[in-house]
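With the first letter of the sequence shown counted as 1, position 92 gets the number 92 in my numbering; the numbers rise by one all the way through.
Hints may contain errors.
[To be verified] Derived DMTMM-like pairs (lysine to aspartate or glutamate); straight-line CA-CA distance at most 25 Å:
no.: 1; residue 1: K44; residue 2: E13
no.: 2; residue 1: K91; residue 2: E58
no.: 3; residue 1: K44; residue 2: E58
Calculated from the structure, these hints are not laboratory results. As the structure is a computational prediction, the values presented were derived from the model and not from experiment.
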Amino acid sequence: SCDSERDVGMLMEYLSALAADTVWPCSVVLLAQAAPAPSGAVDKAVALLEYQAHLVLEVSPLVSGHSSAVHGQVLIRPRKQQGQQVLMHFKARDNNVAFFRPGFFQT
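Take these sequences, add in the hints, and give me the full structure.
Shown next as structure tokens:
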């Protein structure tokens, strides 16, 4: 709805101003979680967040299906295609997460 899009826009303006503060510089990390949408459908609020982001980390299951060595993949997309996208695989462990290039997993 228009109200939620406006609210997201206002939140992003506030957080951007906060992050730009020269006294306490910081990074802003937002999690946008959504159920899989029908092909071509995009949540406008999420699209706005992605548009204003410097970096988007898109976490998803493996395209190829289940693997005991890999739990999923992360697509790292720089702002507005200013750099190369990077695909990393990951495996969750007890107290951490191991990230690695596809095909380079070591136990």
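Verification of the hints:
1. K44 with E13: With Cα atoms ~16 Å apart, K44 and E13 stay inside 25 Å; holds.
2. K91 with E58: Given pair K91, E58 holds - Cα atoms ~15 Å apart, limit 25 Å.
3. K44 with E58: The hint holds at about 16 Å.
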